[in-house]
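Going down the list, the sequences are from chains R and U.
Per my numbering, residue 1 is the first one in the first sequence, and the count goes up by one each step.
Per my numbering, residue 1 is the first one in the second sequence, and the count goes up by one each step.
It should be emphasised that the hints constitute simulated quantities derived from the structure, not laboratory data.
Here a beta-carbon is modelled for each residue, glycine too, at the ideal position from N, C-alpha and C.
Watch out, some of these pointers could steer you wrong.
Derived Cβ-Cβ restraints for the label pairs, each shown as a range [unchecked claim]:
#	chain 1	residue 1	chain 2	residue 2	range
1	U	I46	R	L316	53 to 61 Å
2	U	E89	R	I192	57 to 65 Å
3	U	K131	R	E85	43 to 51 Å
4	R	G267	U	F50	47 to 55 Å
5	U	L70	R	P97	52 to 60 Å
Subject to a maximum C-alpha distance of 25 Å in a straight line, what follows is the list of computed BS3-like cross-link-like pairs (lysine-lysine) [to be verified]:
#	chain 1	residue 1	chain 2	residue 2
6	U	K95	U	K149
7	U	K161	U	K81
8	R	K346	R	K302
9	R	K276	R	K344
10	R	K361	R	K505
11	R	K464	U	K149
12	U	K149	R	K458
13	R	K464	U	K95
14	R	K458	U	K83
15	U	K83	R	K464
16	R	K427	R	K361
17	R	K458	U	K161
18	R	K505	R	K360
19	R	K93	R	K8
20	R	K193	R	K293
21	R	K507	U	K131
22	R	K8	R	K78
23	R	K458	U	K131
24	R	K360	R	K427
25	U	K161	R	K505
26	R	K346	R	K464
27	U	K81	U	K149
28	R	K346	R	K361
29	R	K86	R	K140
30	R	K139	R	K78
31	U	K55	U	K149
32	U	K161	R	K507
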Amino acid sequence: MNNLELFKPQRQSILGVAVIFFSNLRKAFNFFLAVVFVNLGTKFRILSLGLEEWAYILSAVFLVISYLQFLKFTFYIKGDNFVIEKGVLSQEKINVPFSRIQTVNTHQNIIQRILGVVGLKIDTAGSIQNEIQIPALSKKHAQQLREYLMERKYELKEESQVEDEEESSQESTNSAFGSLKIDAKPILELSIKDLLLVGLTQNHFRSGLFLFAIVNGYVWQFEDFLLKPFESYLEETAESFLAQWIILLPFAVLLFLIISVLASLAGTALTHFQFKFFLGEDGMRMSSGLISKNTFNVPFGKIQYFKWESNPLRALIGFYTLRIKQAGTEAINDRKLISIPGIKAKSLINVLERQYPDRKKFAYQSFQVNSLLFIQLAIWLGAVPTLGALALNFFVGEIIWLYPLVFIYLALVLFFSYRYFLAYKVKVNPDFILIKRGWVFPTTLLIPNYKLQNICLKQSVFQKRRAVASLQLYTAAGGESISHLPMHEAHELYNYLLYCIESSKLKWM
Amino acid sequence: MIFENLKIDIDHIPTLEQEDFESLREDYLYMRISSRILFLLFASGIGALFSLFAKLYFGYWLFPILGAVLLVIIYEPLAFKVKGYLLREHDVSYKTGLLFFRQTTVPFNRIQHCEYNQGLLGRLFDIASVKVFTAGGNTSDLSVRGLSKESAIKLRDHITKLSSAHE
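Modelling step: build the complete structure from the supplied sequences, incorporating the hints.
Printed below as a string of C-alpha cells:
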C-alpha cells in the first residue's frame, strides 16, 4: 500500500480537468438556459459580441476555472483521517475520520466513462453534510484507495475492540476485513428481456406524475417565453376545448398512459441497464447504469433492514423489488436506499438466508390490528371525498350520472380498505419484526429488533376511545409504523422491543 | 400473555408505567401560556393597525383573538397534565399531546449526541430543554422540555455520560 504515497497531498488524474470542466458546463448550461430562451430569435448582442462569441469566451473562462479547481484539489491521509482540500477562492478542508467512513463507492457518468476514469464517493453516516467525492481517478488507483480506506477503517475498529490481542493475529483479521469478500459470479443479472419486464411493470402512474411534475416545473419557469406567442390562439380555442372535454378526456388519459409507460421504460433502462448483483460472505455489491455507471458496496453490518414489495403486474411474473435500507439522513436517504428490481422469490430467499440465517430460529407471535384501520381508511378515502363531491354537485349543478359513479367508488373503497385491513400482518420474535401490509401493492418489512433506535407510541382521541394505539419504530435508515394495535398489546410490544434494544450488545451501525 | 413463546418471561421485562413519569415544572405551563398570548397580542396589534388605517371593523379580529385566548387558557393546563418525562437506568422517555398523544423512548445505547437549549422566554421562566439525537436524520429526535436550567444541564451530562459509555 505504501506505493500509493497516500500521506503526501496528491492530485487526481489529469483527466479530472475534463470531468470538472463538463460538470461546470452542465451547471452553467442550466443557468444560462433562460438567457438563451429569452433571446431566441432576436439578435443577441452584449458589448458588440454575439451569442456564439460569448459561448466561446465563457467556455474558455470555465476551462481556466476548472484547471484551477483541479490544481487546488488534493487529498491525503493524515493520522486517522482522510483529508480533502479544495476550493479556488475560498479554501475548504474536509476531514473524514476513518471510523466515520461507512462505505466507499465508485461511479462513472458518461464523461468519466469516455475518459476511462472513475469517481470515488465516500459515504459517512450522514453526520457530515458535504458530499465527499473525488471526481476522477484511474480505475486501479480508485480500487487501491478504496481497499486501503476500508482496511484502515476495520483496523481501527479491531484495535479499539481487542486491545490486548497480539500483533500477528490482528494482521490476519485485518486482511480478512480488508475488502469485502464477494462471490465472483453474480446471483442476479438482468437481461434485456428482464429489463423490459421490469420497465413494463413499473408503477406507471407514479413515473407519469413524476415526469409531469418535471415538465410542469420547466413550463412554469419559462412560461412567458413558451406560452406568450400562443396566447391569442389558446384563448380562441379554449372555449371549444371546454365544450369537447368529455370527448378529449379519454384521449388525454390514453396519452398520459402511453407517456407514463415510455417514461418508466426509459427510467428503467437508464438506471438498471446491465444490472448485476453479487452476494458474498460479508457483503453485497451491485452495479448498473446506462449513462452513468454506479457500483455500490454494502457490508452486511451496514444494512439496517430489508423491505420488499410487488404490484399486481409484477406479481404475475413473480418479480419483487428488494430495497436495502442503509443508515443515512433523510435528505440523502434515496441515494442510500439501494433497490434491486426484478428479483425472483428464490433469489430473495437466498439473500435473506445469507443475511439473516437464523430468522426463523424462534417462533413468531402474531398481532392482529384493530378494525379501526378499516374504518379510518373508509372514512378518509371514501366518505370524505364522496361528501365533498356530493356537496359540489349540489351547489354547482346537478349531474345525474354522478350518483352511480359515487356509489361504485364507495363500494370499491370499502372493498379495498377491507382487503388492506385483512392483509395487514405484524409478527414478532425475539430477533425480528415482520410487517406485511398492502393488498394491491404488498410490502413486507423485516427489521432486526436490535437495529431499532427509538420507539414512539401514538394515540389520537379516536384511538383512545377504542383502546387502540399505533407504534412508530425508528431505525438509522428511517421509520416504519404499525397502526392500530390493541392498547395493551402495543404497550407490551413497546416494552419488549425496548428490552431487546437495551439488552443487545451487537453493533447496530 | 402475548410473549409466552419467547425466550424470556414477559413478567421480567421492565414495563413503562404512566404513573412513573415525572411531571414538568409548573413554570413551563405559564411559559407556554405567555408565549401563546404574546403571539396573540402581536396578531391583535396587526389587527388594530388594519382597523386604524383600512377602516376594518375591530370585531373581525378582536373576537377571534379573545376566543383563542380563552382556548389557550383552557387547553394548556389540560395538555400540561399529559406531559412528562421519565429517566430510567437504560433509557429516557418523554410524553406529550392531549388530542394526539405521543410517548417516545430512546435507549442510551442508541444516542449519538445530546444538546441543551434555552430560549429567550426560557431565561425569564428558568425553563430549559434537552434534545436527544439518534443516527439517521432528524425524524427520530426526542426533546425533554420544561426542566429547570440546573436539572436540564444535569440531565444532559447524565445522558452524555451514559450514552458515551456504550461507544
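Right, here's what the structure says about each hint:
no.	hint	verdict
1	I46(U) to L316(R): 53 to 61 Å	60 Å, holds
2	E89(U) to I192(R): 57 to 65 Å	59 Å, holds
3	K131(U) to E85(R): 43 to 51 Å	33 Å, violated
4	G267(R) to F50(U): 47 to 55 Å	51 Å, holds
5	L70(U) to P97(R): 52 to 60 Å	55 Å, holds
6	K95(U) to K149(U)	20 Å, holds
7	K161(U) to K81(U)	30 Å, violated
8	K346(R) to K302(R)	23 Å, holds
9	K276(R) to K344(R)	14 Å, holds
10	K361(R) to K505(R)	19 Å, holds
11	K464(R) to K149(U)	34 Å, violated
12	K149(U) to K458(R)	29 Å, violated
13	K464(R) to K95(U)	15 Å, holds
14	K458(R) to K83(U)	14 Å, holds
15	K83(U) to K464(R)	17 Å, holds
16	K427(R) to K361(R)	14 Å, holds
17	K458(R) to K161(U)	29 Å, violated
18	K505(R) to K360(R)	21 Å, holds
19	K93(R) to K8(R)	15 Å, holds
20	K193(R) to K293(R)	20 Å, holds
21	K507(R) to K131(U)	23 Å, holds
22	K8(R) to K78(R)	9 Å, holds
23	K458(R) to K131(U)	20 Å, holds
24	K360(R) to K427(R)	12 Å, holds
25	K161(U) to K505(R)	18 Å, holds
26	K346(R) to K464(R)	43 Å, violated
27	K81(U) to K149(U)	21 Å, holds
28	K346(R) to K361(R)	20 Å, holds
29	K86(R) to K140(R)	23 Å, holds
30	K139(R) to K78(R)	23 Å, holds
31	K55(U) to K149(U)	47 Å, violated
32	K161(U) to K507(R)	19 Å, holds
Hints 3, 7, 11, 12, 17, 26 and 31, counting from the list given before, are not met by this structure.
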